Amino acid sequence: AQSVTQPDIHITVSEGASLELRCNYSYGATPYLFWYVQSPGQGLQLLLKYFSGDTLVQGIKGFEAEFKRSQSSFNLRKPSVHWSDAAEYFCAVERTSYDKVIFGPGTSLSVIP
Amino acid sequence: DGGITQSPKYLFRKEGQNVTLSCEQNLNHDAMYWYRQDPGQGLRLIYYSQIVNDFQKGDIAEGYSVSREKKESFPLTVTSAQKNPTAFYLCASSRPNEKLFFGSGTQLSVL
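Just so you know, the sequences run in chain order A and B.
In terms of the working numbering, the first sequence opens at residue 5 and continues consecutively.
In terms of the working numbering, the second sequence opens at residue 349 and continues consecutively.
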């Protein structure tokens, strides 16, 4: 079945440490890829998206993500985590234009001061 | 201001009752979506619509129904056939391949 997986349910990092959140998808072709963040009590906010071109995508709040076709992955990274980054992170995939958007199960990030 | 509005914020359902969640957008988006959010399961797609008078089932459509009679509106009915309806429901809209704009959600609970 076509799906989006985020292998890490929960991650804890120290403030100032680097972060990588994993995302894998199982669609055959290269889909449209997104990362969203949901802070406690807040709505979902788009961090970045990938459609085509440069496989390293820059987003808001210092986040970046790298698309790797050979691994069907779109991992999210941040070089130095801030306490305010504690939130739930969702990877999402849209297979083609005018198609449904499917979300992964999410990764909950905790930040230790 | 353009945006997407969900109502009510909180909703309670009695046994055997159908309830309808409202979703309205004034962003002129063609696509609209309904997701269900449960702890640890992310956002699961219930129904989506890419155009007026047309909609498609998502991964967990059983026990739910929708309509898309107007571009701006995409109401979701949680029927009595949905045996575990307690969840947070999010409506979203978008242009093709663009980011989703989300409503503030409806928390549905069973009495």
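I should point out that these hints are in silico values taken from the structure, not numbers from a laboratory.
What you are looking at is a predicted structure, and each value in this text was computed from that prediction instead of being measured.
Possibly wrong hints are sitting among the right ones.
Cβ-to-Cβ under 10 Å is the rule here; a few derived chain B residues that face chain A [as the list claims (entries may be wrong)]: (1) Gly350; (2) Tyr381; (3) Tyr396; (4) Ile399; (5) Glu446.
Stretches of chain A that chain B covers, calculated by requiring three or more beta carbons in the stretch to come under 8 Å of a beta carbon on chain B [to be verified]: (6) 47-55; (7) 75-86; (8) 89-102.
Here are the simulated DSS-like cross-link-like pairs (lysine-lysine), alpha carbons at most 27 Å apart as the crow flies [unchecked claim]: (9) B/Lys447 <-> B/Lys431; (10) A/Lys104 <-> B/Lys362; (11) B/Lys419 <-> B/Lys362; (12) A/Lys53 <-> B/Lys405; (13) A/Lys104 <-> B/Lys431; (14) B/Lys357 <-> A/Lys104; (15) A/Lys65 <-> B/Lys447; (16) B/Lys447 <-> A/Lys104; (17) B/Lys418 <-> A/Lys104; (18) B/Lys362 <-> B/Lys447; (19) A/Lys65 <-> A/Lys53.
Here a beta-carbon is modelled for each residue, glycine too, at the ideal position from N, C-alpha and C.
Tested hints:
no. : hint                  : result
1   : Gly350                : violated, 15 Å
2   : Tyr381                : holds, 7 Å
3   : Tyr396                : holds, 5 Å
4   : Ile399                : holds, 9 Å
5   : Glu446                : holds, 8 Å
6   : 47-55                 : holds (count 5)
7   : 75-86                 : violated (count 0)
8   : 89-102                : holds (count 5)
9   : B/Lys447 <-> B/Lys431 : violated, 32 Å
10  : A/Lys104 <-> B/Lys362 : violated, 31 Å
11  : B/Lys419 <-> B/Lys362 : violated, 30 Å
12  : A/Lys53 <-> B/Lys405  : holds, 25 Å
13  : A/Lys104 <-> B/Lys431 : holds, 25 Å
14  : B/Lys357 <-> A/Lys104 : holds, 25 Å
15  : A/Lys65 <-> B/Lys447  : holds, 17 Å
16  : B/Lys447 <-> A/Lys104 : holds, 12 Å
17  : B/Lys418 <-> A/Lys104 : holds, 19 Å
18  : B/Lys362 <-> B/Lys447 : violated, 35 Å
19  : A/Lys65 <-> A/Lys53   : holds, 14 Å
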